[in-house]
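Peer 1: Here's the letter readout for the chains.
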Amino acid sequence: GENVEQHPSTLSVQEGDSAVIKCTYSDSASNYFPWYKQELGKRPQLIIDIRSNVGEKKDQRIAVTLNKTAKHFSLHITETQPEDSAVYFCAASTPGNTGKLIFGQGTTLQVKP
Amino acid sequence: SAVISQKPSRDICQRGTSLTIQCQVDSQVTMMFWYRQQPGQSLTLIATANQGSEATYESGFVIDKFPISRPNLTFSTLTVSNMSPEDSSIYLCSYTLHGGEGAQYFGPGTRLLVL
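Chains as they are written, first to last, in the numbering used here: chain U, 9 to 121; chain C, 5 to 119.
Only chain U is shown next, with the shape it has when bound in the complex (with noise of 0.2 Å):
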């Protein structure tokens, strides 16, 4: 089955540098893969998506790679900020229709002030 690899477990910068995590996943089928950003005590949040017909995606200061040959994408965060610091979680989707995600380990971004 599917499995997916998140790197690092942990990232510190200072404030307005940039920020880059990366996954790579098993299945070249899968076709789906979205980022989720949780804050302490608090559920997990889309924060971007990328389907595998597309290379690149940006919303404002998030930007998201794929590399389908390489099986692996990456979340970019530029200028980041105190309010980016949270755990992000990379998934893949399990091919087919059962709408299943199989989840990276997590990042624990620290950003400094």
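Calculated directly from the structure, the hints in this document are not laboratory data. A portion of the hints provided could be inaccurate.
[To be verified] Stretch-level coverage of chain C by chain U, calculated; a stretch enters the list once three of its residues show a Cβ under 8 Å from a Cβ in chain U:
hint, segment
1, 29-41
2, 92-106
3, 109-119
Please read all numbers here as calculations on a predicted model, not as lab measurements. Idealized CB from N, CA, C, for every residue including glycine.
Since chain U is already given, all that's left is putting chain C on it; use the hints.
Peer 2: Just chain C now, with coordinates in the frame of chain U:
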């Protein structure tokens, strides 16, 4: 996206007892799921709640321990049965609006502590 709620938001239970968690969405959705998230860990899928039929469980989760109901397209319940301290966790429900491969939206979670 639809509004999704869960109750209770938290509970403290004695070992050997059972707790039923409710998940309500304010509009009809295609699929609903139940996850467990242990402190500091990722999300682990327990099962897919199927409307009008038995849930589909992931490896390591069984119906006797985690019975699930989904009587209609807006509501589901998860029961944690015969609880032990190892069941202490956050339980999250989620939904997708469309079938196939797409976004899931999560409820606020239920924090369970088993003593």
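Peer 1: Are 3 or more residues of the segment 29-41 of chain C near chain U, judged by a Cβ distance of less than 8 Å?
Peer 2: holds (count 3)
Peer 1: Three or more residues of the segment 92-106 of chain C near chain U by CB distance under 8 Å?
Peer 2: holds (count 6)
Peer 1: Mind checking, does the segment 109-119 of chain C have 3 or more residues with a CB under 8 Å from chain U?
Peer 2: As far as the segment 109-119 of chain C goes, the hint holds, because 5 residues have Cβ atoms under 8 Å from chain U.
Violated hints: none; the structure is consistent with every hint.
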